[in-house]
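Assemble the whole structure, with the sequences as input and the hints as a guide.
Residue numbers (the numbering used here), protein chains in the order written: chain A, 1 to 355; chain B, 1001 to 1362.
If you are wondering where the hints come from, they were derived from the structure by calculation, not from laboratory data. A quick note: this is a predicted structure, and the numbers were derived from the prediction, not measured. Hints should not be assumed to be uniformly reliable.
[Claimed, not checked] Taking lysine to any residue pairs in the SDA-like style, the calculated list, with each CA pair at most 20 Å apart, reads: (1) B:1300 - A:268; (2) A:307 - B:1282; (3) B:1097 - A:259; (4) B:1062 - B:1036; (5) A:129 - A:142; (6) A:317 - B:1281; (7) A:307 - B:1287; (8) B:1032 - B:1061; (9) B:1300 - A:300; (10) B:1347 - B:1209; (11) A:129 - A:144; (12) B:1289 - A:266; (13) B:1283 - A:264; (14) B:1349 - A:305.
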Amino acid sequence: MRRSGRRQDMDTPDSGGMTPLGRKTAETGINFTSTTRFSRGLTFIRTHTLFGQSPTRRIIPQTSLLQENADPQKIAFLLRKQWTLYSVTPMYKFSYGNLKEYSRLLSAFVAAEKQKGLAVEVGNDLGIKVTLSTLLGLKGTDQDQVAILVQIASRSQLPFENAENKVVWSGWFCCISGDDLLESVPEDFTCLSLFLANGAESYTAIVGSWFQKTFDCYFSRLTISPLNLAWMAAMWTGCKVDSHMAATELVFSVPCIPQSLDISYAIHPEDAKALWDTVQKTPGEVTQEEVNLFMDCLYSHFHRHFKIHLSATRLVKVSTSIASAHCDGNIKILHSKHLIGVLTLLTELAISQIQ
Amino acid sequence: MSASGRRRRGALDSGFTMDETVAEYIRRTVLKIPRHQIMEMLTMWEFLSKTQLETINVHQLKERISQEVVELCEENSASIKQAAILDMIYNYTYRNKKVWTVYQMTKAAGEETDSFNLADFKYKFKRSLRSALKNVTINFREYEDNAIWIRIAWGTQYTKPNQYKATYVVYHSQTPYVFISSLRSSIPLLCQALVHASNYHDIHEMELRSRCIDSLKDIVFKRYSQTFQTYHPRPLQERNVAPEKVDPRIIQENKREKERIQSVNQEVFGEGLQPKIEFAQYKLETMFKGEPEMDILTEKEPFRCVVKFSSPHLLEALKSLAPAGMADAPLSPLLTCIPQKARNYFKIKERKGILSASCLGP
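Here it is in structure tokens:
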């Protein structure tokens, strides 16, 4: 299957991060030199969406335990951290067997980029080491590609400090239950549609441009619409949490007024769950109507007290016991039990963005 | 950066060596002051002479300026008292940076209000605090609007007062109100001293907290333009507005409604500028009630939630909601009563099916 799309000049910067659908992604300040955009050869068949709209129903992911081969320490590393989200188009000729080679090349690339503009001797080791490794156990179905973790460690420059490497930046690729959304993927392509980064944005830009150059893919910032945030609020409130429950908090930002106004609406977790359980009727499935009803209930309770129409404001952040998400495309996952469920939803959003 | 190991330069042979902690504290205080205000504050301080002030060059690195000031203070044998006063001057100028909580003092029934005696107040206050805690630094400073500023640095039985975590108290002697900021653990001691010194009977914390102390004063002293809540809408008042040259073909839809909203908003919020507060918090424990067609939550338990509003200028933001179409006019009394009730922390419980704010404590 031949690769389609034109190869752009490597030096021309991308035009502000336009996604294929023409929607502008959030301005990140990162200028990825893009190569091609993968447009044909991947047909997305989604049985319940039309023209890139949000689905009317989603399956409630069962609290799928991570597969047995998951490394608990590595998984724990992913939790309780703020990750910035990106969607990634499929990578061309990525090989799991070459991870060591990729680590070496990426280390050199990062070191070279970091030294740009510095008056440093050529070949002087800044002590930067990049490792690519697999993240086992992060799969929704067996067809999913194995997740990849990229870490940048920096050796301390001070002589008397412990010469251990300290992780300064992490990023990981995954694709959970993406296979039912991606069909007829050509052989040479690896679909790891979701990318999560934690650490300095300068490193994210460097790592991203290396991947884009090497595997002919394209990263774009994954923002979360208020509609999808509402879905998250509803679905995550409904999740059963064994340990300490945190409040379901919705943060709204009020536009179009001279003074900015933020409204935080935090509901006791038991009461929020009780409301959701009354609303959610279809077993095993969540529908758009149910999400709307849940939100409308919360809005009307609020309106009754304050006479303010929350539906006219903008939902920017959702926090629950499971995870918290911000519309700029930031996520924090709190429990390993629900990791797969959250990633499934995020993978779906990522794939929908690159469609 | 510790001051230890640094030689005192320029010390006269008076045999006085300024305490290192005092020197360091003065140095750090001067470093905080923005360059363009250094001379003004040092002049207000009235501790360095005019000739001394003239020797200071404010166009060098702030580190150098603060060093020079410390050296001059050494010449004048500065003690912690002077250092504290400089700190008070700084904090008075930047008083709207701290978060202030309002307290109200009450008299016992039948007690008369004595005329206020400043010297008496200071003496009693110091005595009350010192009897409980030996290691405290107490300083007073009076301002024109009858405001008495008190700075207290707290120590323990065995440690010297921590000058960097001082509490500030602003007391207007003609009123029962006290504004307190940066208070960590010594609330009972401080309250007791205040009550004793001002000849009141009791003191309690109001549910009112904000950064802009001037606005807090406006609220409790009722210095903002008050409104009288009426239930009869008054006709829109005529104002001298020059008629705009509008194309007569342009029709404003909902003109009546817009005018009604403006008029109601005005009634509810008043004409003038609103006092400046940054947040309001409501703890709701009312029953859940959605639209009648929503057959939801037949439980008899309250629907617990906490709502927080935050804005650089909350009341102005709330005032603009109805005209922007995001809220009904009139806005809920829960929000509009903030200046009137002098509180921005509320606990709302259901009462006989009618919604009302109960002034319960936290």
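Can you list which hints this structure breaks, lowest number first? Numbers 5 and 11 - these are the hints that the structure violates, sorted from lowest upward.
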